[in-house]
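Student: Sequence:
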Amino acid sequence: MLDFFTIFSKGGLVLWCFQGVRGPAATAPVNALIRSVLLQERGGNNSFTHEALTLKYKLDNQFELVFVVGFQKILTLTYVDKLIDDVHKEFRDKYRNEFQQKGALGLLNGTFDFKDDFMRLLRDAEESSKVRAPTVMKTFEQSLKSQKTVKCMIETRGEKPKEKVKNKKNKGSKREGTEAVAAPAKAPAGDKQPSASGEKEELTKDEILQKNREEFFKRHMKAGEKSSKSPKPDAQKEKGKKPRVWDLGNSNAKVLDYSNSATNGSAEACPVEEFDPDTALGDRNREPGRLYDLEYESDDEAEEKVIQNPSKPSSKKGGLGGMFGMLKGLVGSKSLTREDMDPVLEKMKDHLIAKNVAAEIAVQLCESVAKKLEGKVMGTFTTVTSTVKQALQEALVQILQPQRRVDVLRDVMDAQRNRRPYVVTFCGVNGVGKSTNLAKISFWLIENGFSVLIAACDTFRAGAVEQLRTHTRRLNALHPPESHGGRTMVQLYEKGYGKDAAGIAMEAISYARNQGFDVVLVDTAGRMQDNAPLMTALAKLIAVNAPDLVLFVGEALVGNEAVDQLVKFNKALADHSMAQTPRLIDGIVLTKFDTIDDKVGAAISMTYITSKPIVFVGTGQTYCDLRSLNAKAVVAALMKA
1 MLDFFTIFSK GGLVLWCFQG VRGPAATAPV NALIRSVLLQ ERGGNNSFTH
51 EALTLKYKLD NQFELVFVVG FQKILTLTYV DKLIDDVHKE FRDKYRNEFQ
101 QKGALGLLNG TFDFKDDFMR LLRDAEESSK VRAPTVMKTF EQSLKSQKTV
151 KCMIETRGEK PKEKVKNKKN KGSKREGTEA VAAPAKAPAG DKQPSASGEK
201 EELTKDEILQ KNREEFFKRH MKAGEKSSKS PKPDAQKEKG KKPRVWDLGN
251 SNAKVLDYSN SATNGSAEAC PVEEFDPDTA LGDRNREPGR LYDLEYESDD
301 EAEEKVIQNP SKPSSKKGGL GGMFGMLKGL VGSKSLTRED MDPVLEKMKD
351 HLIAKNVAAE IAVQLCESVA KKLEGKVMGT FTTVTSTVKQ ALQEALVQIL
401 QPQRRVDVLR DVMDAQRNRR PYVVTFCGVN GVGKSTNLAK ISFWLIENGF
451 SVLIAACDTF RAGAVEQLRT HTRRLNALHP PESHGGRTMV QLYEKGYGKD
501 AAGIAMEAIS YARNQGFDVV LVDTAGRMQD NAPLMTALAK LIAVNAPDLV
551 LFVGEALVGN EAVDQLVKFN KALADHSMAQ TPRLIDGIVL TKFDTIDDKV
601 GAAISMTYIT SKPIVFVGTG QTYCDLRSLN AKAVVAALMK A
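Residue numbering for the sequence shown is 1 to 641, as defined by UniProt numbering.
Worth flagging that the hints you see were computed from the coordinates, not collected in a lab.
Hints are not guaranteed to be accurate.
[As the list claims (entries may be wrong)] Pairwise CB distance ranges, derived in the manner of DEER restraints: (1) T622 with R35: 34 to 44 Å; (2) D564 with R419: 36 to 46 Å; (3) K571 with F216: 21 to 31 Å.
[As the list claims (entries may be wrong)] Below, a list of computed lysine-lysine pairs in the DSS-like style, where the Cα atoms sit at most 27 Å apart: (4) K56 with K115; (5) K495 with K56; (6) K115 with K349; (7) K73 with K89; (8) K599 with K540; (9) K138 with K115; (10) K115 with K10; (11) K102 with K349; (12) K349 with K56; (13) K138 with K73; (14) K130 with K102; (15) K349 with K389; (16) K145 with K94; (17) K371 with K89; (18) K10 with K89; (19) K94 with K372; (20) K58 with K347; (21) K372 with K599; (22) K640 with K571; (23) K56 with K145; (24) K102 with K73; (25) K89 with K58; (26) K145 with K82; (27) K73 with K372; (28) K148 with K94; (29) K540 with K10; (30) K58 with K376; (31) K640 with K592; (32) K571 with K592; (33) K592 with K499; (34) K540 with K56; (35) K94 with K349; (36) K94 with K73; (37) K58 with K495.
Model, not experiment: these values are computed from the prediction.
Virtual Cβ for every residue (Gly too), placed ideally from N, Cα, C.
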């Protein structure tokens, strides 16, 4: 039983609607479909689930129409695909002239009486699904086994069964086949050839194996004689291993021991290390506190240079040849079909995968572009390749632009007005740069005038607390209390190793509230997405402390692994959370972006699979190497040949 069937234009005008059962209107699920699928260019799959409903849709790109059917997801309706295709064809054929002659006015002023036609198509679709008889198993008489006789099943000694010889594919059969081919070639012409074949037939299985062994030993004996003739080395290597002496090494191990048991983790007892501020800050000419966008370098200038300086051979060509070459591949006011786009989409899919986009995401993107363009009428001087490429670029930009913008500075100021700290939790797999990028974000917040408390909740990895202590010491050296009215801008809250991370985070948030800190940055231990105990601990930390922002830190180097990491992190947070509406990942920090050149596909994979924005991008090792995502820059690098 259908819940609803609606037909509307891509401009949002409802042309016709059928309400199948009494219940909530189709407005909410259709609006969710428009927001989450149509506007986000995620049309690779023609099915969408909203709460208890399953929605299937079909696009008509020629007349800019959308056909949507909704039904309960617990039902298995096999006729829905046929129904939506039939309704699409019937509606187009019935009102084609009205669409072509009146255009947009036809949609506004037209009356679409389609109920009788729809009910007829619905009855036909339901009847067609009932007519299909269930598949019946074959009887014994219909099987191949019943056709075999007793005689063909009897095996005689020394004779191989024909079926086994035919189906058996192993090394022995291949070797015998090659020998059988080589034997007639070596046999001389005349009477000797039949006798050789007769001898081959008379050989038994044991004789063939013995002969093959003799040939094998002969070949290896020859190889051993050749190797024995090789000259012996002049000097024999000395036996035993010698210890390696490093150039900058020191025989005294006490020089390398920097630990001091008397400090007990206190920041005051640690010696202040000397370092160059230029190496920590990078560009001194930057504007303090500003988060720059990724640089966008367009290829238009290069294309203009190519046009201004044409090659000499092309200038020698005749006028007609150049004209025909320019017109080659033009569509010429025709509707695009799937056959026209398939070669171009296949190349685009391979290009995206080569740029580090996950293979599954690349297929869905190309499928979405195909559905968006199929049936669309092209201009006279437009090629299929340029049309598909332009549509793919628009889809990629739309994916990278977030549904909800995360403005950290504005949210921190809102938390200040409520007299509470703004809490950010960092999570991710091992070695992606959580602590380093946490320090970069701390530096950015300090330059914007906010005080930061770093909670060292990575109580598992050796050296994690010491790493954060070093960052805290350097940040305080760059922004001393004297420059901020005697106020310490960044502090580290740590309780050592082996403690409960959720408890440390709770104590840090309480300490920040009492001491008047603006932001609390919670560093967590790296964990693989398949480690259930550690994912349970992370879900507990997030559920107990309820942070304002949960950031997933991921590398720009990964491809298919990005999809697996994000899906399993979100699933683990949902499964291990005790709340009715579990807290999931709110945003992404993309690290090591300076190491990938133009292979920026991980950004597409992460945003496509989660619909969450990339809040920060790490582009280097200094504190200033933090950027905000520029969608056009990423797409330009992605589409670059």
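Student: Checking each numbered hint in turn, tell me which of them this model violates, lowest number first.
Tutor: 3, 5, 6, 8, 9, 11, 13, 14, 16, 22, 23, 24, 26, 28, 29, 33, 34, 35, 36, 37
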